[in-house]
Amino acid sequence: MKQRSWSDVALTVWSVAVFLFLFAPIVVIILSSFNTGRLLVSWGGFGFDAFLAIVERPVIRDAVWVSIQTGAIAALLATLLGTLAGIAMARHPGKWALWFIGLLLLVSVTPEIVDAVALLPWLVLLGQDAGLSIFNDGIVRLVVGHSLFSIAVVSYIVRARLVGLDAQLEEASADLYAKPFTTFRRVTLPLAMPAVLAGFLLSFTLSLDNTVIAAFVQVSGTTPWPVYVLSALRSGLRPEIAAVSTIMLVLTLVALGLVALVLRRAGDSATQIARTMTGS
Amino acid sequence: MSENRPHVRILASTSAAKIISSELSRRRFLSFAAAAGATGLLAACSPGGATGTAPRATGGELESDLSIYTWGDYDAPDVLAAFTDELGPKITLDSFGSNEELISKLVAAKGTSGYDIVVPTGVFIPQMIENGLLSELNLDLIPNLEYMDPAFLGRAWDPQNAYSICKAWGTTGFVYDKTVITRELTTWADFLDAAQNEASGRMSVLDDPGDLTGAYFWANGIDWNTTDEDELAAAEDFLVNTLAPNIAAFDSYPGGSAIPQGTHVLMQSWNGDSRLGILESPDPDRWQWVFPGPETEIWMDNWAIAAGAPNPEAAHAFINYVLEPENSLAELDYIGYHTGATGIEQAAADAGLPMLDLVFFTPEQIDTMREGEVNEAQQRRVDIWNKTKAAAGA
Amino acid sequence: MRSFRMPRFALAIPAWAWLLVFFVAPVAMVVWFSFGYKPGIFGTHANDVLSFDRYLEALSPTFFQTFTNTLWIGIAGTAICLVVGLPVAYWMAVKAPPSRRGLLLALVMVPFWTNFLVRTIGWQVILAPEGWLSTALQSVGIIGGPLDLLYTRGAVLLGVVYNYLPLMILPLFVAFDRVGDPLREASKDLGAGKARTFVRITLPLARPGVIAGVLLVFIPLMGDYITATVLGGAKGNMVGQLVASQFQTAQNWALGSAMAVLLILVIMLTVAIGGLLVWLVTLPFRLQNRLVLGEPEPAASVAPRSQEVAA
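Sequence lines, in order, name chains A, B and C.
Mapped onto our numbering, the consecutive letters of the first sequence carry residue numbers 1 to 280.
Mapped onto our numbering, the consecutive letters of the second sequence carry residue numbers 281 to 674.
Mapped onto our numbering, the consecutive letters of the third sequence carry residue numbers 675 to 985.
Since the hints were made in silico from the structure, they are not lab data.
Source: prediction; values computed, not measured.
Each residue gets a CB set at the ideal place from its N, CA and C atoms; glycine is no exception.
Errors might be hidden in some of the hints.
Some chain C residues near chain B, calculated using beta-carbon distances under 8 Å [as the list claims (entries may be wrong)]:
| id | residue |
| --- | --- |
| 1 | 713 |
| 2 | 715 |
| 3 | 716 |
| 4 | 718 |
| 5 | 721 |
| 6 | 723 |
| 7 | 737 |
| 8 | 740 |
| 9 | 743 |
| 10 | 825 |
| 11 | 828 |
| 12 | 907 |
| 13 | 908 |
| 14 | 909 |
| 15 | 922 |
| 16 | 925 |
Only some residues are given here: those of chain A computed to face chain B with a beta carbon under 8 Å [what the hints assert, rightly or not]:
| id | residue |
| --- | --- |
| 17 | 36 |
| 18 | 38 |
| 19 | 42 |
| 20 | 45 |
| 21 | 47 |
| 22 | 59 |
| 23 | 124 |
| 24 | 138 |
| 25 | 219 |
| 26 | 221 |
| 27 | 223 |
| 28 | 236 |
Full structure from sequences and hints, please.
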């Protein structure tokens with residue numbers, strides 16, 4: 001065993017400290033979910049009241065369900081549009097691609113609050129003044145709001161993945177007289193797949209956490225979970241909110257484990273997943 | 281380095297080939313996409329959200345949902361749960377921190393906010409009616425109006441109660457930590473003085489333009505509805521330059537966490553919220569509520585129905601439900617505000633509810649309370665509030 | 675692919691159209707509002723008289739202060755994230771056992787899956803003057819009185835660093851991972867010390883990761899205002915808050931729009947200036963390095979090929 005140098009030890013200690021830092025508030029939240037007091041912030045005693053309250057109060061479950069629904073639809077939409085755009089940018093570049101990248105850049109540097117204040121009057125304009133009543137639907141509004149940044153992200157990731165891979169397989173496929181659509185379906189799409197999955201996952205995560213845009217465009221009755229929490233902040237958070245977070249965390253870990261399993265079987269290591277996620 | 285290039289290319293191709301050969305992953309993706317697509321379709325078909333202007337309630341069947349946009353922690357959870365159990369509609373609650381916020385939301389959404397019941401403060405109601413933000417009540421559907429004390433009905437802003445019914449009324453004061461501020465504070469001038477001294481950097485004010493500017497006007501014996509530019513400018517100067525650096529937070533509901541957590545030592549707050557916070561505090565004796573002189577606010581919040589409410593029948597049923605004497609008492613017990621029901625003071629005393637001195641006020645105290653006005657200085661007050669916030673963050 | 679008769683950007687049309695309708699149009703509307711004014715108590719905006727007055731108003735001393743605050747928090751927060759996250763990413767990619775890297779990466783991501791507001795509340799509980807951290811520190815004797823961190827600039831920074839740290843670690847990890855051992859070992863074989871290898875080889879090659887991380891943290895941080903207000907109270911007043919309150923409370927859409935447009939401009943300008951500074955500062959280093967190592971340019975070698983294919 002080689003003697004570890006002081007710099008390695010320092011690095012390890014620092015990293016462990018940062019991981020503790022990352023998990024400190026989460027531990028607090030998990031503990032708070034067993035608080036029987038009325039407020040999350042003041043400890044009343046140990047018990048499972050908060051978990052029972054979730055069972056009894058449909059509103060919290062509804063909010064979480066709205067978030068999951070919105071997340072899934074927004075992620076699917078963003079993945080679809082983003083993948084197509086990413087493939088186009090990687091395989092058919094040209095002057096247009098520069099313009100398009102410019103637009104995507106603009107989308108990514110626009111803070112959420114600006115999207116939020118812009119979308120609310122716009123969706124109301126479409127829904128009320130232009131009579132397109134679909135835009136009065138809460139889920140539709142949330143999906144529109146959550147899709148913007150995600151489309152840009154998926155486009156980058158898919159483009160980066162395909163630019164990194166050679167186009168010769170597609171050429172070969174075309175040379176073998178495969179129809180363009182067949183080539184697309186059987187060659188291009190599978191090539192892009194890790195990026196597509198990573199993009200979907202990332203979009204879903206971003207959508208689940210989106211508070212600012214959601215708070216502006218939401219229609220009451222389809223209140224997503226983060227907006228519910230934001231609103232509850234006003235009146236004092238109850239332990240139920242911690243309990244829901246605990247449940248969601250457990251479910252997330254299970255889901256993450258499953259995804260890792262699936263991707264490992266598909267031959268991608270975690271590092272590669274991270275690589276694709278960050279688009280490099 | 282140039283030798284690397286073919287090497288890289290081969291690497292890419294093999295990894296690609298590996299993925300392509302794995303038909304498995306393709307099938308998996310397709311089935312996943314199909315499942316996700318189905319979810320999307322289902323969601324798109326499910327009804328939701330507002331659908332234009334709703335017809336007036338006629339006493340027909342209740343809808344299955346009810347959405348209430350109100351002040352934070354402003355209804356007893358038990359009453360809400362009982363309403364759902366007895367009558368069916370599932371209640372969604374949303375909260376705001378000031379009337380301005382409520383109005384902005386309704387104005388921006390143009391009837392698509394999805395809210396059924398909203399709870400504006402009385403003085404804002406005439407403008408809300410004028411701007412078509414509220415829809416008229418059908419009082420035939422609210423027979424329990426008979427339990428209300430006439431003193432709290434037919435107020436100047438809505439003489440016929442055509443749009444609104446009193447939900448609760450209260451006042452604005454402050455709470456301080458006796459272990460830190462050892463002298464006795466009794467007036468708004470004391471409040472502002474302590475804010476600049478013992479409580480500097482550890483005090484909060486209400487996140488409400490009227491109450492923020494009010495604190496200055498009340499302390500200086502100026503009518504808080506003043507439209508006099510000199511007085512407004514003086515208020516702005518004091519709040520932005522003198523008070524702002526001492527403010528730690530703009531918090532409309534210190535009772536929700538700041539009092540129980542002991543975050544601040546001096547907090548401007550509404551009486552019911554103060555009571556809630558002190559009752560929740562692990563150390564209630566530490567806190568002192570002050571009903572400040574020489575003048576302070578009286579406000580009355582009202583049940584009203586938003587224009588474009590998707591569930592008007594359920595909204596009427598709910599308002600009628602909460603006006604029942606036992607529900608009214610349960611509401612008072614929880615929120616700590618006078619609900620305006622006849623004989624509720626006696627009922628609360630009989631029920632042995634705690635800290636009723638923060639709920640009911642003597643006629644002498646009520647004499648020092650002044651109602652706000654929505655007048656031409658409204659915009660100016662909002663501007664002062666915004667500037668104070670910006671200055672406090674500096 | 676040669677038989678494609680559709681335009682080359684055909685596949686991008688859906689995304690184009692979607693962003694045009696739901697991003698370009700609404701943002702253009704906001705830009706249009708920003709030249710108008712607020713007509714009355716209940717009016718939100720009017721555009722019959724156009725002017726730049728709202729921009730002047732948004733840059734008046736009080737609000738300008740908020741812009742500089744936000745920029746300060748944005749830059750300081752990003753810098754701290756970089757300083758805190760860089761060693762962690764390096765450790766994960768280079769020092770930690772390779773079999774554990776997947777797990778570590780997942781651990782970095784997990785906090786992300788708990789709602790950020792809830793996490794921030796977790797910090798509020800920890801930092802409260804009556805909270806357990808305060809009690810613990812007092813009993814050990816590190817601090818004399820109750821912890822006085824909540825509602826200060828320090829708490830704001832802590833909150834934003836906490837919430838955006840994973841976004842910094844992730845791209846840095848990927849970048850370090852890509853550098854690979856062989857180059858580092860070659861450098862050591864050629865007699866360079868540890869520090870020299872890190873500064874001259876690893877760090878320059880990880881530059882894309884650093885850039886990605888800085889952008890991923892800085893941009894959303896500049897627009898965020900919820901984290902800052904939950905932990906910082908009045909001290910966490912950000913431009914995002916100003917914009918939101920112009921729309922949510924003051925109903926002054928014109929002023930709010932002008933502030934929103936200014937916020938985008940500030941972000942773009944800061945990124946541009948930052949990029950230029952980094953480029954200028956590293957110029958001599960890069961010239962030097964080029965002679966020694968040469969820059970790996972895999973992207974450049976692929977791009978012309980794919981163009982051939984498309985043609």
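Practice prompt. Under 8 Å, Cβ to Cβ, is where residue 223 of chain A needs to be relative to chain B, so tell me if that hint holds or is violated.
Written response: Constraint on residue 223 of chain A satisfied, holds at 6 Å.
Worksheet item: Would the stated hint for residue 721 of chain C survive a check requiring a Cβ distance to chain B of less than 8 Å?
Response: violated (17 Å)
Fill in: Hint check, residue 715 of chain C versus chain B [nearest Cβ-Cβ separation less than 8 Å]
Hint holds; residue 715 of chain C Cβ to chain B Cβ min 5 Å, cut 8 Å.
Worksheet item: Taking the least C-beta to C-beta distance, is residue 828 of chain C closer than 8 Å to chain B?
Response: For residue 828 of chain C, the interface hint is violated, since the closest Cβ of chain B sits about 13 Å away, which is over 8 Å.
Fill in: Interface hint for residue 219 of chain A, Cβ within 8 Å of any Cβ on chain B
OK, holds: residue 219 of chain A within 8 Å of chain B, min 4 Å.
Fill in: Minimum beta-carbon distance criterion (8 Å), residue 221 of chain A to chain B
Result: holds, 5 Å to nearest chain B Cβ.
Fill in: Hinted contact residue 36 of chain A with chain B - closest CB pair below 8 Å
Interface hint status for residue 36 of chain A: violated (13 Å vs cutoff 8 Å).
Discussion item. Interface hint check: residue 138 of chain A, Cβ to nearest Cβ on chain B, cutoff 8 Å. Holds or violated?
Written reply: holds (5 Å)
Practice prompt. With chain B as the partner, please determine if residue 718 of chain C meets the hint condition of a C-beta pair closer than 8 Å.
Written response: Because about 6 Å separates residue 718 of chain C from the closest Cβ in chain B, which is inside the 8 Å limit, the hint holds.
Practice prompt. So, residue 716 of chain C near chain B? Judge it on the closest CB pair being under 8 Å.
Written response: Because about 5 Å separates residue 716 of chain C from the closest Cβ in chain B, which is inside the 8 Å limit, the hint holds.
Item to complete: Grab the minimum C-beta distance from residue 47 of chain A to chain B and call the hint holds if it beats 8 Å, violated otherwise.
Response: violated (17 Å)
Discussion item. Next item in the hint list is residue 38 of chain A. Is there a CB on chain B closer than 8 Å to its CB?
Written reply: holds (6 Å)
In this structure, the earlier hints numbered 1, 5, 6, 11, 17, 20 and 21 are contradicted, and the remaining ones agree with it.
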